[in-house]
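Chains A and B, in that order, give the protein sequences.
Residues in the first sequence are numbered from 1 upward in steps of one, following the numbering used here.
Residues in the second sequence are numbered from 1 upward in steps of one, following the numbering used here.
Be aware that one or more of the hints could be misleading.
[Claimed, not checked] Here are the simulated lysine-lysine pairs, DSBU-like style, with alpha carbons at most 35 Å apart:
| # | chain 1 | residue 1 | chain 2 | residue 2 |
| --- | --- | --- | --- | --- |
| 1 | A | LYS270 | A | LYS112 |
| 2 | A | LYS173 | A | LYS215 |
| 3 | A | LYS392 | B | LYS15 |
| 4 | B | LYS60 | A | LYS151 |
| 5 | A | LYS486 | B | LYS31 |
| 6 | A | LYS111 | A | LYS173 |
| 7 | B | LYS60 | A | LYS284 |
| 8 | B | LYS31 | A | LYS392 |
| 9 | A | LYS392 | B | LYS54 |
| 10 | A | LYS270 | A | LYS173 |
| 11 | A | LYS284 | A | LYS151 |
| 12 | A | LYS270 | B | LYS15 |
| 13 | A | LYS392 | B | LYS23 |
| 14 | A | LYS250 | A | LYS212 |
| 15 | A | LYS215 | A | LYS4 |
| 16 | B | LYS23 | A | LYS270 |
| 17 | B | LYS15 | A | LYS250 |
| 18 | B | LYS54 | B | LYS31 |
| 19 | A | LYS270 | B | LYS60 |
| 20 | B | LYS23 | A | LYS481 |
| 21 | B | LYS70 | A | LYS486 |
| 22 | B | LYS60 | A | LYS125 |
| 23 | B | LYS60 | A | LYS478 |
| 24 | A | LYS250 | B | LYS23 |
| 25 | B | LYS31 | A | LYS173 |
| 26 | B | LYS70 | A | LYS284 |
| 27 | B | LYS60 | A | LYS505 |
| 28 | B | LYS54 | A | LYS481 |
| 29 | A | LYS42 | B | LYS31 |
| 30 | A | LYS478 | B | LYS15 |
| 31 | B | LYS15 | A | LYS284 |
| 32 | A | LYS284 | B | LYS31 |
| 33 | A | LYS675 | A | LYS42 |
| 34 | B | LYS31 | A | LYS111 |
| 35 | A | LYS215 | A | LYS250 |
| 36 | A | LYS173 | B | LYS60 |
| 37 | B | LYS15 | A | LYS111 |
| 38 | B | LYS70 | A | LYS478 |
| 39 | A | LYS478 | B | LYS31 |
Calculated from the structure, these hints are not laboratory results.
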Amino acid sequence: MSAKQITIALVGQPNVGKSMLINSISGARLHVGNFTGVTVEKTQVSFEIDGYDFKIIDLPGTYAFTDYSIEERVTHEFLINEPYDIIINVLDSTNMEKNLQLTAELMTMSKKMVLALNMSDEADKEGIVINAGYLSQLLGIPCVSVSAVAKSGLDELIQSVIEVINEPVQEQKLIFSEAVEEEIGLIENYLNRHRFTAAISNRNIAINLLQKETKTYRVLHDNPLWIELQPILIEADHHVLLHHDTDDMKEAFAEEYRAFNRGILAETVKTNITAQSKKTLTEKIDSVLIHPFFGIPIFLFFMWGLFQLTFEIGSIPMDLINVFFGWLGETVGATIGNEEIRSLIVDGVISGVGAVILFVPNIVILFVGIALLESTGYMSRVAFLLDGFFHKFGLHGQSFIPLVSGFGCSIPAYMSARILKNDRDRLLTLFVIGFMSCGARLPVYVLFTGAFFGPAMAGNILFGIYILGAIIGLIAAKVLKMTAFKGADEPFVMEMPKYRLPSLKLIWHTVLTKTMMYLKKAGTFIAAASLLVWFLSTYPKNTELATSFATKIEAATSEIQVKQLENKLAEEQLSASFLGQIGHTIEPLFIPLGFDWKMAVALQTGLAAKEVVVSTMSVLYSLGSDANEQSNSLVNAIHDHIPFPSAVAFIVVIMTYLPCLAASVVFTREAGGIKYFGYLFTFTTIVAYSLAFIAYHFTLWIG
Amino acid sequence: MSEKSTMTLLSACTKGGMATVCKINATGPLKQRLVSFGLMRGVDLVMMECSPTKSTFEVKVGTLNIALRKEEAALIEVCNVR
Ligand SMILES: Nc1nc2c(ncn2[C@@H]2O[C@H](COP(=O)(O)OP(=O)(O)OP(=O)(O)O)[C@@H](O)[C@H]2O)c(=O)[nH]1
Ligand SMILES: [Mg+2]
Numbered sequence: 001m002s003a004k005q006i007t008i009a010l011v012g013q014p015n016v017g018k019s020m021l022i023n024s025i026s027g028a029r030l031h032v033g034n035f036t037g038v039t040v041e042k043t044q045v046s047f048e049i050d051g052y053d054f055k056i057i058d059l060p061g062t063y064a065f066t067d068y069s070i071e072e073r074v075t076h077e078f079l080i081n082e083p084y085d086i087i088i089n090v091l092d093s094t095n096m097e098k099n100l101q102l103t104a105e106l107m108t109m110s111k112k113m114v115l116a117l118n119m120s121d122e123a124d125k126e127g128i129v130i131n132a133g134y135l136s137q138l139l140g141i142p143c144v145s146v147s148a149v150a151k152s153g154l155d156e157l158i159q160s161v162i163e164v165i166n167e168p169v170q171e172q173k174l175i176f177s178e179a180v181e182e183e184i185g186l187i188e189n190y191l192n193r194h195r196f197t198a199a200i201s202n203r204n205i206a207i208n209l210l211q212k213e214t215k216t217y218r219v220l221h222d223n224p225l226w227i228e229l230q231p232i233l234i235e236a237d238h239h240v241l242l243h244h245d246t247d248d249m250k251e252a253f254a255e256e257y258r259a260f261n262r263g264i265l266a267e268t269v270k271t272n273i274t275a276q277s278k279k280t281l282t283e284k285i286d287s288v289l290i291h292p293f294f295g296i297p298i299f300l301f302f303m304w305g306l307f308q309l310t311f312e313i314g315s316i317p318m319d320l321i322n323v324f325f326g327w328l329g330e331t332v333g334a335t336i337g338n339e340e341i342r343s344l345i346v347d348g349v350i351s352g353v354g355a356v357i358l359f360v361p362n363i364v365i366l367f368v369g370i371a372l373l374e375s376t377g378y379m380s381r382v383a384f385l386l387d388g389f390f391h392k393f394g395l396h397g398q399s400f401i402p403l404v405s406g407f408g409c410s411i412p413a414y415m416s417a418r419i420l421k422n423d424r425d426r427l428l429t430l431f432v433i434g435f436m437s438c439g440a441r442l443p444v445y446v447l448f449t450g451a452f453f454g455p456a457m458a459g460n461i462l463f464g465i466y467i468l469g470a471i472i473g474l475i476a477a478k479v480l481k482m483t484a485f486k487g488a489d490e491p492f493v494m495e496m497p498k499y500r501l502p503s504l505k506l507i508w509h510t511v512l513t514k515t516m517m518y519l520k521k522a523g524t525f526i527a528a529a530s531l532l533v534w535f536l537s538t539y540p541k542n543t544e545l546a547t548s549f550a551t552k553i554e555a556a557t558s559e560i561q562v563k564q565l566e567n568k569l570a571e572e573q574l575s576a577s578f579l580g581q582i583g584h585t586i587e588p589l590f591i592p593l594g595f596d597w598k599m600a601v602a603l604q605t606g607l608a609a610k611e612v613v614v615s616t617m618s619v620l621y622s623l624g625s626d627a628n629e630q631s632n633s634l635v636n637a638i639h640d641h642i643p644f645p646s647a648v649a650f651i652v653v654i655m656t657y658l659p660c661l662a663a664s665v666v667f668t669r670e671a672g673g674i675k676y677f678g679y680l681f682t683f684t685t686i687v688a689y690s691l692a693f694i695a696y697h698f699t700l701w702i703g
Numbered sequence: 001m002s003e004k005s006t007m008t009l010l011s012a013c014t015k016g017g018m019a020t021v022c023k024i025n026a027t028g029p030l031k032q033r034l035v036s037f038g039l040m041r042g043v044d045l046v047m048m049e050c051s052p053t054k055s056t057f058e059v060k061v062g063t064l065n066i067a068l069r070k071e072e073a074a075l076i077e078v079c080n081v082r
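Can you make the complete structure from the sequences, with help from the hints?
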């Protein structure tokens, strides 16, 4: 016998802890963050309890049943069109009145439902006491106090779900004002008299007709009853609007729901006054962090601190990793007899992958910074602080959220742009995200700043690079807004969550998940790319070259001369390889930017993934130079082989050119068509080339 | 609704002031969004913070803090300013 399957739709307003609740119940690792719009796509998690196969669908948070933004539409479409057995409606116990607005709307759907009153730990601290039993009774829906963080009430929640599933029907008790009840009654009676039946109760049909819910409307509209029903509805409409003194039915219903919720809450929620009256911690912190004058400087200081740390702490394990890969290359190399295979493994894979793994400490620090920003609640504050500034550049304050995610990786950033309601704002943000340097570009920056600046300055330079990238992004946004995305400004209304101290465990999991992804990428994709680069830069072997050098080397008199000749041979071999040939073909394009063919090639391979820039350089420079010189690290190679102005231009290109392949695919999907990729390609290429040109010549000029 | 005791726009309120919402001039999804934040007729709010240029505001409605821009605040009529 197969176990019984229960499909649960997890619904709730944003930031009430839906994803966290699933994580606590099932041990999943869904993305959690303390701002609205963390989850932007439905995600399914399966697990088994008590012989039941549970399938929970985590849905993006939604305030109400209006399609405000794309991610909310995902939720509504799921609720209306997809099959599921039961809804778990998650609420924030400390914000019941607002959260119940959605619950009331859900109650008109005639679906089985259980309420999870989450954040009970916070409610306890704030002196809020909820009588869940009485609330269940009043609503006709089981209500369970839970805490996803303290992991309390979770079993009870699951048991309630199982109970409700096994019950035949559930009578939910949504009650309206007398005037509205009367109209509902009229419509309901009419439907009953004509023996109309549907999946949802006639009472709920009546409510939905009054609310002008599109699907119910459409179904009834095609029914012969409509001819008689329509006048009744028009009359009812009129009465309800008159009663509420408004011309907006949604407003009338919102007021109805609020009155109902207030009535219920008055009987079920007690608030300990002494705990409430004092200024909340959030307000105290906010008086500093979003101070009108100090707010932005404080934010910039945090950013600067983060990049200092990236350098200072990041460099400690770096040396160890460097030594390790050097040792690994030598040890592994010594066991391989065949010269070609040895080079493949040591100069290709180990050197390429090692170069990328070298930067794991930096990446981890960056990830910790982003995780803190996401999980404390500071994210929304910065969006608030920067909105005025962003607005001047045609961006939306909420664009800050996807833009910040862009510092981690562009892919989730493109997805999180869905929180922007308006397509124009969203597209504009999508075009700008690429200018926020993603984590994969960090290795390139660290490598180059490390090569040209002392440790005292490197952190500042790194901070400067990121800020400069962001400024270029803002200017690009302004240009796009004035040309391609002209139009009226969109509203900015955003909830500011309370500050939460993130648990170490949460940060650890978030950072670990991302770091593992980075390592996995290094072990698979980057390793393969390094292999390919090695192959292309080793073959075809030019035997003529080798023999002509062999005679010269034999004729050489001193040790130094031999070494020089060997290096020259390696360099020329590389130059004659497939990759060398490609490099020389494209080199003319890059000469105005001061790039040699190796840099040009590294840039191109970076289109696959930005880390590959580093691994490619590592392979190219370790093949070109004397392979035995282990101490001669990539940093030194870069310092010796690349002139400073070329390096500056190179960094500028890395900052601004096309995102990697995977990100480009996501960009194209989110923007809604291949033509947008065409625009992005053209746009970024023009920006990158012209800025790099300016940077190169400017640096040359100042000396 | 309360009496017509000098209506002003929310965008004209100063930091720390309290007021009661009496009309929301927004329409469509924006109105819906404001309403689901609890910004409805008859609700009390507190002006928590505003940026130096008065371009962005933070208001508190019940237990909720909401950020909005000057343009949106100008759609909210308040009365009973304290
Ligand atoms: N104190 C406390 N915090 C919680 C609890 N559950 C979740 N949180 C925090 O609330 C925040 C929001 O959690 P999420 O799981 O991302 O919320 P969500 O409902 O999935 O949000 P969206 O995906 O944006 O709709 C996070 O900072 C969590 O750490 C809880 O039971 N107690
Ligand atoms: Mg979520």
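Quick rundown of the hints versus the structure:
no.: 1; hint: LYS270/A with LYS112/A; verdict: 28 Å, holds
no.: 2; hint: LYS173/A with LYS215/A; verdict: 22 Å, holds
no.: 3; hint: LYS392/A with LYS15/B; verdict: 23 Å, holds
no.: 4; hint: LYS60/B with LYS151/A; verdict: 30 Å, holds
no.: 5; hint: LYS486/A with LYS31/B; verdict: 24 Å, holds
no.: 6; hint: LYS111/A with LYS173/A; verdict: 13 Å, holds
no.: 7; hint: LYS60/B with LYS284/A; verdict: 14 Å, holds
no.: 8; hint: LYS31/B with LYS392/A; verdict: 24 Å, holds
no.: 9; hint: LYS392/A with LYS54/B; verdict: 14 Å, holds
no.: 10; hint: LYS270/A with LYS173/A; verdict: 22 Å, holds
no.: 11; hint: LYS284/A with LYS151/A; verdict: 28 Å, holds
no.: 12; hint: LYS270/A with LYS15/B; verdict: 30 Å, holds
no.: 13; hint: LYS392/A with LYS23/B; verdict: 29 Å, holds
no.: 14; hint: LYS250/A with LYS212/A; verdict: 9 Å, holds
no.: 15; hint: LYS215/A with LYS4/A; verdict: 30 Å, holds
no.: 16; hint: LYS23/B with LYS270/A; verdict: 30 Å, holds
no.: 17; hint: LYS15/B with LYS250/A; verdict: 31 Å, holds
no.: 18; hint: LYS54/B with LYS31/B; verdict: 22 Å, holds
no.: 19; hint: LYS270/A with LYS60/B; verdict: 21 Å, holds
no.: 20; hint: LYS23/B with LYS481/A; verdict: 33 Å, holds
no.: 21; hint: LYS70/B with LYS486/A; verdict: 20 Å, holds
no.: 22; hint: LYS60/B with LYS125/A; verdict: 20 Å, holds
no.: 23; hint: LYS60/B with LYS478/A; verdict: 32 Å, holds
no.: 24; hint: LYS250/A with LYS23/B; verdict: 14 Å, holds
no.: 25; hint: LYS31/B with LYS173/A; verdict: 27 Å, holds
no.: 26; hint: LYS70/B with LYS284/A; verdict: 24 Å, holds
no.: 27; hint: LYS60/B with LYS505/A; verdict: 31 Å, holds
no.: 28; hint: LYS54/B with LYS481/A; verdict: 23 Å, holds
no.: 29; hint: LYS42/A with LYS31/B; verdict: 26 Å, holds
no.: 30; hint: LYS478/A with LYS15/B; verdict: 31 Å, holds
no.: 31; hint: LYS15/B with LYS284/A; verdict: 15 Å, holds
no.: 32; hint: LYS284/A with LYS31/B; verdict: 30 Å, holds
no.: 33; hint: LYS675/A with LYS42/A; verdict: 27 Å, holds
no.: 34; hint: LYS31/B with LYS111/A; verdict: 27 Å, holds
no.: 35; hint: LYS215/A with LYS250/A; verdict: 16 Å, holds
no.: 36; hint: LYS173/A with LYS60/B; verdict: 31 Å, holds
no.: 37; hint: LYS15/B with LYS111/A; verdict: 45 Å, violated
no.: 38; hint: LYS70/B with LYS478/A; verdict: 20 Å, holds
no.: 39; hint: LYS478/A with LYS31/B; verdict: 28 Å, holds
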